[in-house]
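From first to last, the protein sequence lines are chains A and B.
According to numbering that gives the first Met the number 0, the first sequence is numbered sequentially starting from 0.
According to numbering that gives the first Met the number 0, the second sequence is numbered sequentially starting from 0.
Don't read these hints as lab results, they were simulated from the structure.
You may find that some hints are simply not true.
What the hints assert, rightly or not - No farther apart than 25 Å at their CA atoms in a straight line, the calculated lysine to aspartate or glutamate pairs in the DMTMM-like style are these: (1) K295(B) <-> D243(A); (2) K196(A) <-> D243(A); (3) K272(A) <-> D243(B); (4) K295(A) <-> E333(B); (5) K272(A) <-> E120(B); (6) K272(B) <-> D243(A).
Stated by the list, open to error - Some residues of chain A that are not near chain B, with every Cβ distance over 12 Å (derived): (7) R20; (8) R22; (9) N84; (10) I88; (11) S233; (12) E306.
A quick note: this is a predicted structure, and the numbers were derived from the prediction, not measured.
Glycine included, each C-beta is placed from N, C-alpha and C at the ideal position.
2 protein chains.
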Amino acid sequence: MNPKSDATQLSQQKQSVETLRWREGRLEMIDQRVLPMHFEYLAYTNAKEVAEGIRSMVVRGAPAIGCAAAYGVALEALASQHMANDAFIQAMERGFTELAQSRPTAVNLFWALQRMRACWEKSSSAPPPQIAAILLEEAHEVSQEDVRINRAMGAFGASLLNDGARVLTHCNAGALATAGHGTALGVFRSAVEAGKKISVIADETRPFLQGARLTAWEMVQEHIPVTLITDNMSGHLMQHGEIDAVVVGTDRVAANGDVANKIGTYMVAVLAKRHGIPFYVACPLSTIDLSISQGKDIPIEERSRDEVLGFRDYRWAPVGVSVRNPAFDVTPAELVTALITEKGVVHHPNVQNISALFR
Amino acid sequence: MNPKSDATQLSQQKQSVETLRWREGRLEMIDQRVLPMHFEYLAYTNAKEVAEGIRSMVVRGAPAIGCAAAYGVALEALASQHMANDAFIQAMERGFTELAQSRPTAVNLFWALQRMRACWEKSSSAPPPQIAAILLEEAHEVSQEDVRINRAMGAFGASLLNDGARVLTHCNAGALATAGHGTALGVFRSAVEAGKKISVIADETRPFLQGARLTAWEMVQEHIPVTLITDNMSGHLMQHGEIDAVVVGTDRVAANGDVANKIGTYMVAVLAKRHGIPFYVACPLSTIDLSISQGKDIPIEERSRDEVLGFRDYRWAPVGVSVRNPAFDVTPAELVTALITEKGVVHHPNVQNISALFR
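The shape of chain A in the complex, shown without the other chains (with noise of 0.2 Å):
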């Protein structure tokens, strides 16, 4: 595969950035660990190797991570469909496992394990090669219904811009982070679309810098205007009138609107509180979970210490220092504007709103 020839088609498509892709029965993943230094796609033929690349984030955001492992599931049919019966089951019961165990927090996963699961109680009585198949469409039915919600979500929080917004984002909420278009960054886009001139400011989001690498290469490739800052300075440019709106991703919402995403998330949502910016959340129904009554219940995935004592394999921090590396925080409710949704838009989350969209 020739990484600039695939960025360059790319380029050129509507949907500019293919995060996960069917190619002649396996999955394909951008490695969205080496962007955008390296552009290129991995593949994938089992739910083991899907989970490996959900843990080791070649796949990263709560939406693209559901995905993943929808097609993690289907993969997995693909893979044990010749075997015996009993032999298919307990295959597809490990994988189920390892794509359950992949990550903690992104509920996005656990929601589409869960689809992946009915679909399969619903078409157990068939033989393993059509329950497969079946699977399959289903995983495919995933990606698409994400984007067309993506769209929805865009759509809804494009109205929430004014044309000449500064807008900061944390983090990658963006095409990278789904099967396409983005939640955060799909607001951006269809803003764009819409024809706002709209300006971001994305936070380089330490350690693992899904906002300098991954944000600002999606923007970059869309020509939107987007402007870099450390994570320490969006205070600062809260403070000389320079953001006018922040929209960011979730990983998972609790029942009472409580926000868990991106480490670092909160502090942004306190100083755009201290500074009346509006703070949005792009959340598609597949981020709330209606079993967590509030953020303090969501688990919040500690990841390795190698990430914080530098960036890959440059190494900065000294021998014999502690490390703690929270991958995300919860923000509460009470510092969020408003939730962006495919059903449209909820101003002040609560218990009784947010129950509201799933009657």
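Model the placement of chain B on the given structure of chain A, informed by the hints.
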């Protein structure tokens, strides 16, 4: 010079880190751009070289910049002492200008230059070699005084920390930012000397990583427990009750108590306020600028875009992205629990209690 033997020697001294030292008629400064990967001294012989050392951040930290500038003036006098009187004066004026233009935010730079100029004026009737000797003595005195002041601040500050306190600091206000002991880290050192068990949480402080590289290194050297986090994690830790106090340094304090310090300090202060965590600023009187009435009048340096696009020679941001890189921000006095000065602790700093320090 053998960096290893130097490091060993330093760790056995009472003053464990000698940021600036006078050796054989030259100023030597630890190259803080390459710590902790490399430990080495660079040598300086005139004002222009020292100004470049300050600009490129071989030396950084407001008090250390002041000491370096004082030595820069003395070096210029020594280098020019055999010139005719007119040429000597011309060289000295050029030296003062070069040093004054090296960095804009730290007021200690201008404070030290003023002090050296006053010393020069007092001795101006003497022959240049005698002036040079007097200026060198004054530069030594500026450095020695800085250590005495830091020890006085340390003692006052230590009394504010409880035994067992987990204290967050941002950037490096350590021995490396001063002639020795440090301002914020001087408080930690003094607390430990006083028998208190404290542990330090260090923000990594992008883009120059003073926290990850310098604060972590200093604390590891002295066996003070230190935990490294990225700049976007402190809010999460405060939310979970894992931070008992914040102590930072400062580059300039306005007459009303507004504090300019490393970019990101403001966000930490806002979060500390929200969580009822005391926010202390270690602040020698030389850092207070009574000529500036409020923080918004403090000039904020904007540094090179390259610093934000990656770290040193490692670049991770895509081509085509814009960058902002303000090196400092301003924390309003209302967020400052107390200033720790060499004359005592000033609670709730304001025009009155700050001006009283100078009576």
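- Task: Find the hints from earlier in the document that the structure breaks and name them by number, from lowest to highest.
- Result: The structure breaks hints 4, 5, 11, 12; every other hint is satisfied.
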